[in-house]
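Those sequence lines, one after another, are chains U and R. Going left to right, the first sequence walks through residues 0 to 978 as numbering that gives the first Met the number 0 numbers them. Going left to right, the second sequence walks through residues 0 to 427 as numbering that gives the first Met the number 0 numbers them.
It is worth saying that the hints were derived from the structure and are not from the lab. Check each hint, because a few of them may be wrong.
[Unchecked claim] Taking lysine-lysine pairs in the DSS-like style, the calculated list, with each CA pair at most 25 Å apart, reads:
{"id": "1", "chain 1": "U", "residue 1": "K805", "chain 2": "R", "residue 2": "K415"}
{"id": "2", "chain 1": "R", "residue 1": "K309", "chain 2": "U", "residue 2": "K969"}
{"id": "3", "chain 1": "R", "residue 1": "K197", "chain 2": "U", "residue 2": "K969"}
{"id": "4", "chain 1": "U", "residue 1": "K465", "chain 2": "U", "residue 2": "K452"}
{"id": "5", "chain 1": "U", "residue 1": "K486", "chain 2": "U", "residue 2": "K463"}
{"id": "6", "chain 1": "R", "residue 1": "K276", "chain 2": "U", "residue 2": "K969"}
{"id": "7", "chain 1": "U", "residue 1": "K56", "chain 2": "U", "residue 2": "K143"}
{"id": "8", "chain 1": "R", "residue 1": "K425", "chain 2": "U", "residue 2": "K805"}
{"id": "9", "chain 1": "U", "residue 1": "K823", "chain 2": "R", "residue 2": "K309"}
{"id": "10", "chain 1": "R", "residue 1": "K197", "chain 2": "U", "residue 2": "K956"}
Values in this document were obtained by computation on a predicted structure and should not be read as measured data.
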Amino acid sequence: MWALLWCSAPMMAQDYFPNNEGVKNENHNYRAFTNATIYVSADQVVKNGTLLIQNGKVAGVGKSVNIPANAIVTDLEGKSIYPSFIDIYSDFGVKKPEKASGSGRSPQYQQSREGFYWNDHIMPEKNAITSFSYTDKDAASLRKVGFGVVNTHINDGIARGTGALIALNKHGNDADRVLEDRSAQYFSLDKSVASRQSYPTSLMGSLALLRQMYVDAAWYAQGHVATTDRSLEALNRNKGLVSIFAAEDKGNALRADKIGDANGIQYVILGGGNEFEWIDDIKATEATYILPLNFPDAYDVSNPHQARYVSLHDMRLWNQKPANPKIMADKAIPFAFTLSGLKKKDDFFKNLQKAISYGLSEKEALRALTSRPAEILGMQDKVGSLEQGKWANFLISSGPIFDSGTTLYENWVQGQKHSINTLDVVDIRGEYDLNLNGLTYQLNITGTPAKPKAEVKQDTNKVKSKLNYADNWMHLNLQQGEGDQRKMFRINALASTDGGNLNGSFVDINGKEASFTALKTKAYETKGPDAAKKTIKSITPLTFPNVGYGYSERPKAENFLFKNATVWTGEAAGVLENTDVLVKKGKIVKIGTNLGAGGATVVDATGKHLTAGIVDEHSHIALLSVNEAGQNSSAEVSMEDVVDPEDIDIYRNLAGGVTTMQLLHGSANPIGGRSAIIKLKWGSSADDMIYDNSPKFIKFALGENVKQSNWQSFSRFPQTRMGVEQAFVNYFQQAKEYQALKNSGKPYRKDVEMETLVEIMNGERFISCHSYVQSEINMLMKVADKFGFRVNTFTHILEGYKVADKMAEHGVGGSTFSDWWAYKYEVNDAIPYNAAIMQRQGITVAINSDDAEMSRRLNQEAAKTVKYGGMSEEEAWKMVTINPAKLLHLDHRVGSIKEGKDADLVLWNDHPLSVYAKAEKTLIEGAVYFDLEKDAQQRAAVKKERNDLIQQMLDAKAGGSPTQSPKMAKKEHFHCDSL
Amino acid sequence: MKTFKIFTLIALSGFGLIRAQQTPADPQSEAISIVGATAHIGDGTVVENATLVFENGKITALAAGAATQGKVINAQGKHVYPGFIAGSTSLGLVEIDAVRPTRDMDELGDMIPHIRSMIAYNAESKVVESMRPNGVLLAQVSPKGGRISGTSSVMQLDAWNWEDAVVKADDGIHLNWPASYRRGRWWMGEEPGFHPNKKYGEQIDETLQFLANAKAYNQKPATEANIAFAGAKGLFDGTQKLYVYANGEKEIIDAISRLHAAGVGKMVLVGGYEAHKTADLLKQHQVPVMVNATHNLPFYNDDDYDHAYKLPALLVKAGLLVGIQNMDAANFQVRNLPFYAGHAAGYGLDKETALQLISSNTAKILGIDAQYGSLKVGKSATLFISEGDALDMRGNQLTHAFIDGREISLETHQTKLYKRYSNKYKTK
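Model the full assembly from the supplied sequences, consistent with the hints where possible.
The structure is reproduced here in structure tokens:
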């Protein structure tokens with residue numbers, strides 16, 4: 000290896016380097032390529048043009064280029080020249096770091112480095128060039144599919160440092176190849192494999208970490224930090240470089256863009272190929288994208304049992320993803336392509352052709368591989384097109400580069416030739432009559448010029464044959480008959496450049512040699528431009544969201560008059576029989592009898608019950624992640640960052656009459672994360688589901704989970720309930736001091752975690768605290784008293800009944816499970832009478848779920864308070880509507896049927912507390928998000944579309960497309976303890 | 000006085016941890032007549048304004064206007080039900096799920112029919128006693144885990160000890176049929192979703208090999224005993240049922256047909272997420288289904304939201320014998336058995352048929368229907384009186400409950416705490 004490196008001479012003269020190996024030997028000749036169709040760039044084509052190069056650069060291009068005398072001229076009649084491709088999301092030549100070996104019985108909470116940022120996964124100081132090592136084997140695999148330059152980077156960690164722009168030039172050395180040693184910074188949401196530091200354990204943690212990193216970098220830049228932080232120094236130093244963010248998913252693209260917006264950075268975003276599903280939001284990022292071409296294989300659905308496991312969404316992605324580049328282009332969203340994500344690089348052309356067959360223009364495809372990536376890096380003056388003065392990085396092909404029949408001959412990098420297929424290959428395709436030992440055979444040669452295929456017949460009988468074609472030598476073996484009748488011929492022929500008859504010699508079964516001539520009877524008929532590409536393929540329509548039970552149009556607010564219902568107002572008016580409710584413009588406008596519809600759709604609700612939508616104070620559905628367990632306080636993370644609007648549990652909960660949910664952080668740590676409070680607007684974006692002007696909440700937790708009692712972890716404070724108190728005191732004390740400093744007018748380091756705690760102390764943010772046993776419930780109220788605030792809610796509180804008097808005095812609400820207990824030691828004294836006792840002590844009591852299944856029948860859970868403790872039916876009903884709305888500070892908007900409130904309503908076929916009741920319609924702000932009749936249609940539609948797509952996949956399999964075995968990406972159903 | 004109070008509290012709480020169980024009731028000493036109730040027989044019928052008489056633990060009369068005898072309980076406007084029966088639970092084998100010392104339901108080993116649940120049954124479990132105020136008076140207690148988890152027994156839920164509790168000892172053997180798909184083990188670098196289980200065939204083969212060996216062994220036991228093989232004897236002489244846990248259509252078909260071919264006489268399907276697709280096969284082999292409880296999310300993303308709600312009705316309408324169990328849930332949830340049935344009634348069953356799913360049907364499946372599961376003259380007086388509809392949360396309010404005629408306590412650890420703390424606030 001060393002010898003190899005030593006020997007490889009720099010392509011360019013490094014004229015101040017001494018030379019002891021011979022005489023001065025530099026080549027300043029020109030090379031001219033004439034009569035070619037030259038794609039100078041995606042926008043400029045020169046027919047019958049000349050490309051002139053010298054010293055690795057383009058010296059001239061056009062129709063009339065003067066060819067100097069010291070030029071070697073190659074006639075490329077009929078052939079094409081393209082700028083070679085550029086991949087700016089590459090890890091070429093850079094080894095992925097080794098995975099840190101696990102040791103010890105506990106997670107590692109502290110950083111393992113000194114002099115760097117406090118989190119190991121933030122490594123902006125890394126430079127790919129320092130771990131770069133050129134391997135021509137890998138370079139060759141890239142050149143083979145048309146790439147000439149890559150921007151490589153360390154594919155590891157959240158902040159990954161800078162990349163390096165490398166020319167894939169076999170003939171030079173790194174002095175030639177390294178075009179730029181610090182080009183672009185790279186970021187992602189994934190932790191480094193090289194460090195075991197626990198934080199961040201979650202998606203929202205990664206996002207919070209990036210936010211804090213930028214804040215800290217600014218603080219550092221202002222000179223407030225006495226020590227050296229090489230990470231932040233590098234981040235500040237690299238500020239001028241473009242930042243590439245590996246989002247790899249439409250939702251993560253939006254998340255990354257928000258961080259960019261907050262810090263004045265426009266990321267270039269590595270997409271996931273599913274951008275088309277949320278194309279308008281993607282467009283709104285105004286980002287340039289880097290798109291993978293890793294379209295999924297069809298699922299092998301030939302076995303119906305197995306086909307069950309493939310969701311409609313996954314089937315659709317197979318059908319729709321190839322259209323992603325086209326849809327991006329139609330929306331004028333700029334993008335480059337990358338090889339990243341492709342399992343086999345050799346699939347590149349095939350998948351690109353697929354994208355084109357779905358309507359992507361060849362021009363955009365070429366742009367995405369040449370000038371666009373160059374522009375992203377600000378390197379358009381050097382690479383990406385074939386204008387004079389730029390690097391002579393180009394491809395020579397037999398024809399249009401994206402046609403399936405086209406042969407890529409040569410990939411020139413920095414003016415150096417890399418042969419892929421012999422350029423002067425003679426096209427021997429055609430039909431011949433072959434005469435051997437007096438026998439006549441019909442030889443038909445097809446395939447590509449470089450890789451021809453042979454079929455041999457004698458009259459109508461097929462003859463076994465094998466054709467090998469290399470360096471214009473044809474080697475053809477024939478075999479026919481058996482036993483005495485057996486004939487064998489081994490044939491050699493050098494193709495003549497005129498492409499006419501084939502002359503050569505052969506050896507028969509007896510070893511006798513003779514010469515032969517194969518007369519060309521018919522020229523090979525080249526098909527026109529790819530027939531397949533001509534018919535643009537269409538995709539199955541998208542729905543909102545683009546999964547099973549998604550709506551073809553987003554539900555819109557309608558005006559309704561519910562006639563003659565039993566109305567559960569949840570207000571002083573109580574339950575009103577035979578009452579009408581008028582809904583207009585998303586609001587409840589009138590409650591009364593004999594109301595006029597005034598154009599509203601009349602719903603006959605005779606014999607039915609109309610209630611406010613159910614409010615669940617404690618849920619973890621519709622989330623991509625639930626716990627940031629990497630630190631004992633994670634007040635900096637927000638569940639609003641990780642709302643998943645495509646979760647089918649949203650729809651299932653609508654079917655249970657739920658309209659509002661608080662999506663809480665888990666209970667892995669005493670101070671958890673900030674909540675997302677959403678309306679279940681199935682089909683809307685995450686941001687549109689989150690309440691406008693949402694009340695601010697945060698999850699706190701107590702007991703076994705925060706002590707890490709039920710799993711092997713012994714190194715994080717606190718490990719006892721005694722410690723839990725001090726953990727709170729510690730953080731609130733810090734927050735108090737933080738606020739004092741902030742108020743003093745002196746400079747202070749902005750700390751998102753501290754800002755959040757200050758909000759709590761100022762009564763601007765409310766705590767919903769996971770709680771079981773009385774001692775710690777009492778404790779948290781005392782801590783709150785000490786720091787001058789009020790705990791808002793104890794959530795799924797189970798021993799609230801033991802301290803209900805103290806809770807009432809403190810003014811905290813209690814949200815509880817109806818009847819859960821016995822699943823862990825600390826719920827041993829949980830009783831189903833908890834709600835009733837708390838309620839009688841004057842506490843605002845809610846029944847919550849903390850469970851994706853239970854939340855969709857919270858009406859039944861509320862009814863249990865009638866059984867356990869004798870609540871009145873009206874009080875029971877309030878526990879899942881107006882009471883949780885009060886706890887969430889949303890009772891002015893939802894939770895009861897009152898004029899002026901949001902029309903979040905449920906029409907039940909029976910008494911809403913009855914075990915036999917079923918939600919028939921669920922409305923949010925006057926729009927119907929669930930309807931039993933519509934649901935029946937949806938079921939039929941899902942069934943039909945599944946069947947259609949299954950047929951398409953069966954066809955694809957029959958047509959020889961690769962397949963994958965059916966599988967199901969099962970979503971976890973989160974609880975508090977889910978890590 | 001103050002010291003004394005503290006002393007009693009400590010004594011009570013210390014005591015409470017060890018013995019929460021209410022004192023088991025004495026045998027029935029006098030005839031009891033329940034008068035004026037709506038009697039839900041458990042076989043699909045109702046007797047309005049019924050008089051129900053029982054003596055020495057047996058029902059002696061049940062009719063509107065039957066002559067009363069002994070102690071009379073006025074149940075005007077109230078409802079009488081047969082005690083509900085929970086199948087495939089680990090009641091009494093696990094006290095607190097997260098505390099390992101209290102978990103006794105999963106023994107080491109893959110094919111362990113000789114492992115018997117009965118002897119680990121904790122008759123003094125606080126969880127067990129909490130079943131009774133909801134009407135759940137009998138339960139099949141079964142081991143969990145592994146391939147063949149062990150042998151279950153049917154217990155009544157008011158007893159001094161396990162021998163006292165047994166209604167039917169060693170009633171069945173529990174087999175977790177292999178799954179053709181399995182979850183990726185993410186900690187081993189696999190994708191986390193469901194993938195084809197490449198060892199499905201191998202696992203079936205292992206299971207069938209074990210059963211074939213057990214069958215052969217029990218024809219002529221070797222001189223050196225094999226207690227695992229011996230433990231499966233009942234499957235081949237008709238004395239024990241095989242409870243087969245399977246959910247997918249493929250697994251159900253494989254299980255029933257292969258096990259039938261292997262000579263297993265009586266089978267019960269437990270789970271049955273796709274049993275509606277295999278109804279004909281199940282009928283053909285007379286295999287009843289203890290279907291998953293209604294409080295379950297759909298397994299596949301594209302399934303109907305109410306799949307679990309309506310599945311019992313689908314199976315009943317297909318002509319199968321159906322019971323409801325909730326083996327997937329924590330033990331404490333078993334007390335919600337009546338509400339699972341109620342929920343099923345909201346999705347296509349009439350209420351009395353829904354009641355059968357947790358009474359007479361389950362009794363038939365468990366083989367205890369001669370005594371339990373319905374209110375019939377001559378059967379055990381295992382029944383309760385409820386203020387209202389016992390399948391509805393609001394109506395399920397028990398005033399009396401009897402097991403074999405013994406009037407059992409409806410107090411629990413939880414009702415005690417309720418009273419204690421209600422009093423605390425009252426005295427303030």
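Checked hints:
1. Between K805/U and K415/R, the direct Cα distance comes to roughly 21 Å. Compliance with the 25 Å bound is thereby established for this hinted pair.
2. Of the pairs offered as hints, the one joining K309/R and K969/U holds, with about 23 Å between alpha carbons and a cut-off of 25 Å not exceeded.
3. For the given pair, K197/R sits about 19 Å from K969/U by alpha-carbon distance, which is consistent with the 25 Å threshold.
4. For the proposed pair K465/U and K452/U, the alpha carbon gap of about 8 Å is at most 25 Å, so the pair holds.
5. Between K486/U and K463/U the alpha-carbon distance is near 11 Å, which keeps this suggested pair within the 25 Å criterion.
6. Taking the CA atoms of K276/R and K969/U, the gap is about 23 Å. The hint holds against a cut of 25 Å.
7. Between the alpha carbons of K56/U and K143/U the distance comes to roughly 21 Å, so the proposed pair stays at or under 25 Å and holds.
8. Taken as a hint, the K425/R and K805/U pair is honoured in the structure, with Cα atoms around 15 Å apart against an allowance of 25 Å.
9. At roughly 32 Å between alpha-carbon atoms, K823/U and K309/R are farther apart than 25 Å, so this suggested pair is violated.
10. Restraint check for K197/R and K956/U: the C-alpha separation of about 22 Å stays at or below 25 Å, so the hint holds.
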